[in-house]
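Sequences listed follow chains D and A, in order.
Per my numbering, the first sequence starts with residue 255, numbered consecutively.
Per my numbering, the second sequence starts with residue 3, numbered consecutively.
Careful, some of the hints might be misleading.
[What the hints assert, rightly or not] With beta-carbon atoms standing in for the labels, derived distance ranges:
1) A/D127 to D/L350: 47 to 55 Å
2) A/S228 to D/R304: 38 to 46 Å
3) D/N556 to A/I112: 17 to 25 Å
4) D/L266 to A/I112: 39 to 47 Å
[Unchecked claim] Computed from the model, here is a short list of chain D residues facing chain A with C-beta under 7 Å:
5) G391
6) A473
7) L571
8) L584
No lab work stands behind these hints: they were computed from the structure.
Predicted, not measured: the structure shown is a model, and the values here were computed from it.
Using N, Cα and C, we set each Cβ at its ideal position, and we do this for glycine too.
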Amino acid sequence: MKDKLTPRNIILCVVICSLPWFLFGIDEISSLLKQYKISFGWPGGDYVLRIIVRACLYMLLAIGLNIVCGFTGLLDLGYVVFYLIGGYTAGILMALLGVHYWIALPLAMAHASAWGLLRGIPTLRLTGDYFAIVTFGFAELFVRIVKNEDWLTGGDPNGLLLGIPAPRIPFTEFSFNDNWHNYYHIIILLALVIFVTYRLQNSRVGRAWVAIREDEQAAESMGINVGRYKSLAFAVSAAIGGIGGAFIAQFQSTISASLFEFWESIFILCMVVLGGMGSIRGAMLGAVILGSLGEILRLALNNYPKFAGSRYLIFGLILVLLMRFRPSGLMYRKK
Amino acid sequence: MWAQLFEQLINGLVQGGIYALIAVGYTMVYGIIQLINFAHGEIYMFGAYFGLILITVFHIPFWFALPLAMVLCALLGMLIDYVAYRPLRNAPRLSALITAIGISLALQNIARIIWSARPKNYPPDELPSLFVSGISMTGEVINAIPLPGGGTLPYRDVFILLIAVVLMILLNLLIYYTRIGKAMRACAQNATAANLMGINANRVIIATFAIGSALGAVAGVMVGLSENVTPNMGYYKGVAAFAAAVLGGIGSVTGAIVGGLLIGIAEAFGADLHSGYRIAFAYIIMILVILIRPTGLFGKATSKRA
Chain D
255 MKDKLTPRNI
265 ILCVVICSLP
275 WFLFGIDEIS
285 SLLKQYKISF
295 GWPGGDYVLR
305 IIVRACLYML
315 LAIGLNIVCG
325 FTGLLDLGYV
335 VFYLIGGYTA
345 GILMALLGVH
355 YWIALPLAMA
365 HASAWGLLRG
375 IPTLRLTGDY
385 FAIVTFGFAE
395 LFVRIVKNED
405 WLTGGDPNGL
415 LLGIPAPRIP
425 FTEFSFNDNW
435 HNYYHIIILL
445 ALVIFVTYRL
455 QNSRVGRAWV
465 AIREDEQAAE
475 SMGINVGRYK
485 SLAFAVSAAI
495 GGIGGAFIAQ
505 FQSTISASLF
515 EFWESIFILC
525 MVVLGGMGSI
535 RGAMLGAVIL
545 GSLGEILRLA
555 LNNYPKFAGS
565 RYLIFGLILV
575 LLMRFRPSGL
585 MYRKK
Chain A
3 MWAQLFEQLI
13 NGLVQGGIYA
23 LIAVGYTMVY
33 GIIQLINFAH
43 GEIYMFGAYF
53 GLILITVFHI
63 PFWFALPLAM
73 VLCALLGMLI
83 DYVAYRPLRN
93 APRLSALITA
103 IGISLALQNI
113 ARIIWSARPK
123 NYPPDELPSL
133 FVSGISMTGE
143 VINAIPLPGG
153 GTLPYRDVFI
163 LLIAVVLMIL
173 LNLLIYYTRI
183 GKAMRACAQN
193 ATAANLMGIN
203 ANRVIIATFA
213 IGSALGAVAG
223 VMVGLSENVT
233 PNMGYYKGVA
243 AFAAAVLGGI
253 GSVTGAIVGG
263 LLIGIAEAFG
273 ADLHSGYRIA
283 FAYIIMILVI
293 LIRPTGLFGK
303 ATSKRA
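Bound conformation, chain D alone (with noise of 0.2 Å):
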C-alpha cells in the first residue's frame, strides 16, 4: 500500500475521526426507543468508546511489535516490558513528582527505548528460542521489581501507583479527562506511529529488517551492519510500547503490575500473528478484532461466571488454529 494522501486515504481518516459521533447517535437513538420500551442491549455510548480507545491503543502495541517480529523476524515474548516502563516512567513522573505529561510522554519513550537497546544489544547474536526466553524474563524481571519496589512506585503495594493527572493543555485550563479527548488523543499518537512505521518500511531500513529476516546471513554479506538494523528496530518498538504505557497511565489514572503481565504480552503477539507478521495493517486488524472480541466476550459471558475467565481460553485456540490452518495470518504482504 502506498501511504499517499490520496482521495481514499482522506476519506478513511475522515470516517475514524467521526466514527465516536455515530456512536453519540446510536446513544441518542438507543433512549428514544427506550421510551417506547424497545431496546437492543446498547451497552452505552461511553462504554463502547472507552473500548475503541483500548483497542486503538492495542493497534499501537501491536504495530510497535510488529517491528520486532514481523519485520525482523525475532519473537519477543516480553513486549511488554517497554509498555511497563512507559507506563511507570510517565505515571512515576506525573503522580509523585509533578512533571507536565507533554514531557512525561517523550522521557517515556525515551526511557523504554534505552532499555529496548540495553536488552538488545547482549542479545543480538541470539536467534529463535533463546532470543524469546530472554525477552521472556526480562520481562518477568522488570514486573517483580515494579511488584517488590515500592519505594519507587509510591508506596502502595504490587506496584499500585494511584492518581496520575490527566493531561492539560499548557497555558490553558482545558485538560483531558473526557473519553472522547482520549479518542482523538490516541487517534493522533496511532497516526504518528503509524506514518512513522511506514515510512521506515519503505525505507532502505525497512528493506534491511526484511533482508535480516528472511536470511541473516545473505543479509551480511550483501553489507548491512546487522547488529546495527537490529538495535535499530529494538529502539523504535520500544519506544512505541513507551508510547502506549504513558497513554495508559494517563488514561486509567491508575496503574498497577498485574497489567503487565506475561498474558498482556501473549495478548499483543497473538494480534500480530491473527493479522500477520510483517504486515502493519495486519497488526491494525488483529489488534482491532482482538482487543474487541475480549469485551464482547467480557459482556457475553458475564451471564456465566463460571466461563467470565475464560476469554484467554479462546485466544490460546486461536493461536492453535491459526498456526495450523492459516500461518501466514489473515492479511499477509505478499513479497
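Using the hints provided, position chain A relative to the given structure of chain D.
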C-alpha cells in the same frame, strides 16, 4: 547460622528434585524436536489436579492414584503432540513455538473453568499418615526427622527427594539400556538419519512426550502434598524448571537433573535474602546462562541452531 544454612540446603534439594522432574520433560522434547514445549508446565499442573481428583472424588488410595495420574498425564501429553505439534512437524519453528504457547494458554484456562481459580489442597486425612507431619499437642515432632538447630525435615520431603532420585535413575536406565532409549538418542542426534535406519520417528517422539509428561505428573502430585494446587502453578514452576533445563544444557538429561538441583538450591537461598524475588533468581540465572554459555553446563556445542 550453619543449622539454618543446612536447612535451606535441604529445602533447596527437595525443590530441586521437583524441578528436575519437570525439567527432564522440557529437555527431552527439545532434544528430539527442538521445540520449547511451553505446555509442559500445564501438564504438570494437570498432574496435580488429576491426583487431587483421584484421591478426593474417587477415593483411590494415594499409592494407586500416583501411577494413575502418571498414565493420565502421559495420555494428555501424547494427545497434545498428536493434535497440535505433529501437523506442524515440517512448519517453521516459530509456528510450533506459538502453538505451544497457545496450548499452554488454553490448558491453563480449561483448568480454571473445570476446577475454578480457588487454591485447593490434598486433604491430609486421605493421604498416607506418613506424609502428614507436624508438631503434636505435646510438642512431639510427628513424621519428621529433627534437624540440628530446631528445624525439622518431614518424611514427606525425604520421600519427594527419594522418588525423584529413583525416577532419574530409572530414566537413565531407560535411555541408555533399552531399545526405545537407543531410538531416542538416535533421533536426538540426527532425526533424518534415524528415519533412514528404520526408526519410526513419530513413535519415538510420542514416547518422549509420554515419558516427560508422566514425570511431570509425579512432580505435580509431589508438589500437591505440600503446597496449594492452583491453575497457574504450572506457569511459575514451569518457568523455573525451564531455567533448570537451560542451565544444565537443553537437550541433556543429566544436565536437567543437575540444573534442577542447582536452581532449587539457588532459589532457597535467594528466598532467604528477599522473598519477593524468589522466582526472579531463576530468571536471572536463565538469562545469564543463555547470554554467557548458551549450551549450558552439560550441553554439547552444536552447530548454529536457529
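Please flag the earlier hints that this structure goes against, numbers listed from lowest up. 6, 8
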